[in-house]
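Colleague: Sequence:
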Amino acid sequence: WALDTNQEERDKGKTVEVGRAYFETKNKHFTLLDAPGHRGFVPNMIGGACQADLSVLVISARKGEFETGFERGGQTREHAMLAKTAGVKHMVVLINKMDDPTVEWSESRYTECCDKLLPYLKKCGFNPKNEIYFMPCSGLTGAFLKEPIDESVCSWFRGPSFLDYIDALPVWSRRVDGPFRLPVVDKYKDMGTVIFGKVESGSTRRGTQLMLMPNRKQVEVLQLWTDEEEVSQVNSGENVKIKLKGVEEEEVTAGFVLCDALAPCSVGRVFDAQVAILEHKSIICPGYSAVLHIHCAVEEISVKAIIDLIDKKTGKRAKAHPRFVKQDQVALMRLECSGGLICMEPFSQFQQMGRFTLRDEGKTIAIGKVLRVVE
Numbered sequence: 092w093a094l095d096t097n098q099e100e101r102d103k104g105k106t107v108e109v110g111r112a113y114f115e116t117k118n119k120h121f122t123l124l125d126a127p128g129h130r131g132f133v134p135n136m137i138g139g140a141c142q143a144d145l146s147v148l149v150i151s152a153r154k155g156e157f158e159t160g161f162e163r164g165g166q167t168r169e170h171a172m173l174a175k176t177a178g179v180k181h182m183v184v185l186i187n188k189m190d191d192p193t194v195e196w197s198e199s200r201y202t203e204c205c206d207k208l209l210p211y212l213k214k215c216g217f218n219p220k221n222e223i224y225f226m227p228c229s230g231l232t233g234a235f236l237k238e239p240i241d242e243s244v245c246s247w248f249r250g251p252s253f254l255d256y257i258d259a260l261p262v263w264s265r266r267v268d269g270p271f272r273l274p275v276v277d278k279y280k281d282m283g284t285v286i287f288g289k290v291e292s293g294s295t296r297r298g299t300q301l302m303l304m305p306n307r308k309q310v311e312v313l314q315l316w317t318d319e320e321e322v323s324q325v326n327s328g329e330n331v332k333i334k335l336k337g338v339e340e341e342e343v344t345a346g347f348v349l350c351d352a353l354a355p356c357s358v359g360r361v362f363d364a365q366v367a368i369l370e371h372k373s374i375i376c377p378g379y380s381a382v383l384h385i386h387c388a389v390e391e392i393s394v395k396a397i398i399d400l401i402d403k404k405t406g407k408r409a410k411a412h413p414r415f416v417k418q419d420q421v422a423l424m425r426l427e428c429s430g431g432l433i434c435m436e437p438f439s440q441f442q443q444m445g446r447f448t449l450r451d452e453g454k455t456i457a458i459g460k461v462l463r464v465v466e
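For what it's worth, this note's numbering labels the leading residue of the sequence shown as 92, then goes sequentially.
In case anyone wonders, no lab produced these hints; they're calculated from the structure. Ideal Cβ placement from N, Cα and C applies to all residues, glycine included. Fair warning: there could be bad hints in the mix.
What the hints assert, rightly or not - Just the calculated beta-carbon pair ranges, DEER-fashion: (1) 439 - 154: 41 to 49 Å; (2) 453 - 410: 24 to 32 Å; (3) 442 - 296: 24 to 32 Å; (4) 336 - 374: 47 to 55 Å.
Given these sequences and hints, build the entire structure.
Modeller: Right, dumping it as C-alpha cells:
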C-alpha cells in the first residue's frame, strides 16, 4: 500500500502501475518494483518483471484466499509463469497472513500451501533446488520479514528472515562487456527526452553516442541517474533514467531499445519461434492473432505458419506442417507483427530480448523464444 502512488489505487486497494522504491541491506542495494496483482493489469506486471532479477511471490495463507488465487484462472499461476518468462532468476515465496485467526502459524497449513505451489513453479521452469525458497511471514506484524519471531509462536520454522536471506543471495552475472542494450520501459519530457529502463548488457557514460532502435535514431547521452542520484556511468543490471539529445519524447515508445551505435540490436517483423501453448481452449491455426509481449514491447502478431510440432520429452521435431496446435503442445511457428518492426534477438544470443509471452482475451496463452529473425 505504501507503494500505491495515486489516490485511486489506495482507495481500491489495487496496485495498477509498477511502483518503485529503494532500500539497502548490509551487502546490497535493492530496487523494489511492486507489480499489479489484479487481472486487468497484467501487461503492467510484465513491464515490471522485465526489470527484475529476483521475484517475491506473496501468497495469502488465509483459508479461502490461497485457493482463489491459485485455482485454475487465478492470478498466482499467471504471475509465476510470467516472472520466469521475463527472465527472473530466483523466486522467494512468502506465505503471508500466517498470524490470521484461520491459520495461527499452523505448520500443516504452511506445508499445504507449499506443496500445492511447488509442482506449478517447477512447470514454469524454476529449479526447486536452487531457484525457489519458501518462508512463512506476517506483513501485519512484520514476523520473519526483518527478524525471526519467538519460538513460542512458531517453533517449526527457524530459517533466516526475509531480509537476511535476500542479502545473502549471490549477485547475478550480466553481460558487463557486451554491447550496450537498454529496453525502454517508459519516457517523459523534462528539458529534453528522459527514458527509463534496466541496462541488460554493457555500460554507458555521459557524452556517449548511442542508437535508438528500431527507428535508427542517433542520440547522445546528456545525463544519467540511478535511484534518483545523478551518476556519470551506468552498468549492466542497473535500473536507470537517461536524458537524451537528438530525439523528441513523442518519437520514443516503450519497447524501443537504446543500443551501442556500432552494434545495434536486430529488428524484425517476421520471426521463427518455439512456442509452448499453456492455456487455450480452442485450436490455434495459421491466421490466429494474439498480443506479443517481448522485453518491454507490446505488439499484435499473427501466426503465419506452423512449421513443426516438437516432442516435449525429447525436444525433437515430431510432425511437420501440422494443421493446428492445441493446449499443452509445443510448436515451431513463423510469427508476423502487424504493426511494423520490433526489436528482438535470437534467444540463443540474448535471452532477455529473445523470450516472450502471447496473451489473448486477458489471459497468457503461450510462452516462447525467438529462434531466428527472418525479415
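Colleague: Take the hints in turn and mark each one as holding or not.
Modeller: Do the hints match the structure? See the list:
Taking the beta carbon of each, residue 439 and residue 154 are about 46 Å apart, inside 41 to 49 Å as hinted. Take residue 453 and residue 410: their Cβ atoms lie about 31 Å apart, and the range 24 to 32 Å holds. Distance hint check for residue 442 and residue 296: the Cβ-Cβ separation is about 25 Å, which falls inside the suggested range of 24 to 32 Å. Separation of residue 336 from residue 374 is about 51 Å and conforms to the stated range, judged on CB atoms against 47 to 55 Å.
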